[in-house]
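Protein chains in written order, with my numbering: chain Z, 1 to 580; chain V, 1 to 266.
It should be emphasised that the hints constitute simulated quantities derived from the structure, not laboratory data.
In this text the structure is predicted, and so the values were computed from the model without any measurement.
Don't take each hint at face value.
Stated by the list, open to error - In silico BS3-like links for lysine-lysine, alpha-carbon gap of 30 Å or less:
#: 1; chain 1: Z; residue 1: Lys168; chain 2: Z; residue 2: Lys134
#: 2; chain 1: V; residue 1: Lys132; chain 2: Z; residue 2: Lys539
#: 3; chain 1: V; residue 1: Lys79; chain 2: Z; residue 2: Lys512
#: 4; chain 1: V; residue 1: Lys70; chain 2: Z; residue 2: Lys512
#: 5; chain 1: Z; residue 1: Lys14; chain 2: V; residue 2: Lys232
#: 6; chain 1: V; residue 1: Lys70; chain 2: Z; residue 2: Lys14
#: 7; chain 1: V; residue 1: Lys194; chain 2: Z; residue 2: Lys506
#: 8; chain 1: V; residue 1: Lys248; chain 2: Z; residue 2: Lys512
#: 9; chain 1: Z; residue 1: Lys168; chain 2: Z; residue 2: Lys443
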Amino acid sequence: MEEKDFQDYIAAFKRNKAQFTLIFGGVIGFSLLIALFWPATYRSSATILIEEQEIPTELVKSTITTYAAQRLQMINQRVMTRANLEKIIEKFDLYADERKKSPTEEVIEKMRKDLDFEPISAEVIDPRTGQPSKATIAFSLAYDGRNPELVQQVANEITSLYLEENLKSRTQKTAETSDFLSEEATQMSEYVAQVERKLADFKEQHIHNLPEQKDLNLQFMDRTERDINEVDTQLRSLEERKLYLEGQLAQIQPESPIASSTGERIMSSVDRLKALQTEYLSLSSKYSDKHPDVVKMRQEIEALTRETGGGDSSVDQVKQLTQLRGELASLSDKYAANHPDVIKLNKQIKALEDSIARQETGRKARKVAAAQPDNPAYITLQAQRDSITQDIAALGKKRLELKAKLADYEKRLSETPDVERQYLSLVRDYENASAKYRELKAKEMEAQIAQQLEKKSKGERFSIIEPPLLPEKPVKPNRLAIAFLGLVLAIASGSGYVLLRETLDKSVRGLKGVVALTGVPPLAVIPLFETDVEVDEQKRRRFVAILVGTGVLVAAVLLVHLLWTPLDVLWFRLLRKLDA
Amino acid sequence: MERISKALDKALANQTTFNVGDLQPLNQGSVRAPRIQYSRTQSVGVSRELLRQNRIISGMEPGPFVDAYKILRTRVIQKLREHNWNALAITSPGVNAGKTLTAINLALSLALEVNQTVLLVDANLRNPSVHKYFGIEPTHGLSDFLLDHVSIEDMLINPKGIDRFVILPGKRPLPDSSEMLSSPRMIELVEEVKSRYPSRIVLFDLPHLGTSDALAFAPYVDAALLVLEEGKTTQDELQQAIEHLQPKPIIGTVLNKAEAGSAGEL
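Start from the sequences, fold in the hints, and give me the full structure.
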């Protein structure tokens with residue numbers, strides 16, 4: 001394709017002059033209309049400062065820890081809810097036309113668009129990190145609309161909604177914190193009481209095994225051991241004394257010697273027997289058996305022997321009795337009962353049986369006599385011995401008791417480590433629980449103070465530093481800018497059209513075009529020749545067009561003047577708009 | 001672009017193969033310059049005003065428009081003589097490029113040269129219109145010749161006051177124009193008109209190259225002249241036209257309806 005130079009563009013422009021003029025005029029006219037008739041938008045805005053809490057945070061710490069910007073966003077979301085906006089729309093009867101035409105969602109979306117929320121940040125040094133950072137210190141709220149008074153009212157309403165929402169959310173939050181903490185504290189106190197009860201029960205159960213009893217138990221055990229030793233010593237000495245006493249006792253006759261009327265001591269039967277037996281031996285050596293003295297003595301010895309039980313014939317008698325019974329048995333086989341031998345044997349057995357019985361009685365009587373000693377010394381010794389025996393018995397019993405006690409103490413001591421472990425774990429639980437409880441209690445108090453802080457509005461709060469004012473001048477539109485933009489756009493679209501046409505134009509143009517395509521110039525270039533008739537026709541058309549255009553314009557102006565607004569009024573309104 | 005240049009080069013190369021000596025008789029003929037008596041040719045009066053309205057140069061005062069045709073004539077004559085041609089078809093790549101007017105004005109311009117006569121054949125059987133430019137109502141036309149065996153002499157018309165210029169009008173449109181144009185009778189006619197007078201140039205006004213007519217008829221003429229309409233004829237059309245005319249030589253192009261400035265320097 002051949003290169004187009006400036007001349008070609010000029011030619012193209014000339015060719016498309018009419019279209020260019022049409023587009024240029026249309027666009028600029030349209031933009032001027034927009035600039036003039038675009039309805040004015042008013043804006044009322046409020047600036048709200050976020051004030052830090054009055055009481056220093058070192059003294060009272062708020063339980064709200066989120067960043068201001070974040071809180072603002074939250075409040076923003078809460079305020080911008082459908083319900084809130086709908087209320088406002090209904091209250092001020094906003095967007096009457098839109099509400100008739102479009103669904104509520106769209107109207108609310110439009111309201112959201114018209115509302116402007118802008119946080120105002122400042123460079124500050126973060127006291128926590130020391131780093132310079134951005135902090136939200138204030139924010140502005142604005143509402144755009146057609147009616148200045150209404151705009152101001154709505155802005156006011158929205159502003160108060162923000163303030164309310166902030167206050168509400170803060171009090172609610174602090175109250176929640178405090179409630180939560182007190183609930184936790186109550187639960188903890190219940191738990192502490194439970195652990196306490198458990199501990200007390202345990203103590204009661206293991207009263208002797210508790211670790212603090214350990215020393216005491218050791219002492220007791222020591223003392224008991226000492227006691228046992230002491231008792232052992234006592235026992236030994238008592239045994240010794242008993243032995244001694246028994247020795248003494250054995251040497252003393254239970255019966256006290258009987259004194260005769262002559263004051264001579266009457267010998268006891270045993271002594272007399274012994275003495276008689278000694279005398280008898282000497283007598284029998286001197287005399288014959290038939291000597292009266294000897295006989296007499298012999299008789300006396302026999303009697304004494306019988307008396308003392310010495311020379312006891314009962315054994316012989318029992319043997320004899322057995323023998324006799326045997327004989328009787330053999331005889332009764334041979335003879336009848338009334339046989340003299342049998343009768344004789346029966347008599348003998350009878351006599352023997354009597355004799356044995358007699359002897360039995362005598363022995364018993366002697367025993368009884370011996371058990372009732374009447375020798376005072378003997379009795380004293382016996383009494384002493386008896387009392388020592390009793391003492392020994394008592395000590396023995398005491399020793400047993402002490403032994404049992406010692407075993408008990410030992411058992412306690414051996415159980416102590418296990419009990420100690422359980423006890424310590426319980427104590428630890430208790431201490432932990434009570435520490436936690438104390439902590440919770442402290443926190444609860446703090447939270448309550450923070451709640452008070454919010455209740456009395458001493459915490460962080462919003463204060464209006466610039467209330468929404470009645471807007472006097474519209475913020476939009478910038479009519480001059482629109483007009484200027486229209487001019488630029490008109491030139492651009494006009495030239496754009498020409499350029500586009502020129503680019504899309506694939507037709508052969510000019511000498512150069514032909515040469516470029518065929519390689520040789522055309523034989524001739526024949527100019528367009530307009531005949532007189534055509535020229536006249538064109539002139540006539542132009543004239544008619546001008547005439548019709550002027551007529552339409554005049555008619556339009558007249559219509560505006562008569563039917564809408566008088567022209568002079570319109571002129572002044574226009575001036576005012578341009579001025580604004 | 002490349003192809004077109006090549007085609008033209010080829011066409012030019014073909015032209016140069018003609019013997020220069022062939023020009024001789026024509027030149028001799030022109031030197032003789034016989035005064036042609038239209039014995040049987042009708043001579044019809046035409047209104048200068050009508051000619052002027054129809055942009056026919058005979059009715060115009062000298063000016064750039066007339067001069068442009070004179071330039072065209074000069075160049076065409078040069079080319080024709082160079083190759084010893086005398087039958088030239090005038091067509092265009094697209095419709096309404098001004099073929100007929102160019103043909104008429106070129107013919108009139110050629111006729112102004114005293115040493116030759118010009119015959120303009122209205123071979124646009126689809127829409128014969130040459131006679132309308134002159135305001136003539138012919139009694140017979142090309143269609144009558146092809147269908148009803150009317151003799152050539154009966155059809156020829158000479159507008160009164162314009163010497164050495166004869167029209168063979170079309171008169172009425174024919175539905176099967178393409179076939180008619182390549183019929184033996186038509187070929188006979190071409191041969192007849194070409195050879196009857198030595199110093200005659202025959203111009204054929206053809207339909208545009210978008211039709212089969214021009215293509216069918218092209219073989220019977222010596223060369224073709226393409227009429228381009230500035231701002232309307234597209235590059236594609238031109239390219240196609242050149243391709244379609246192969247291998248018939250193209251004598252050149254005419255840039256018609258040019259805007260002021262288009263004739264400027266290359």
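Index of numbered hints that the structure contradicts, given in increasing order: Per hint list: single violation, 7.
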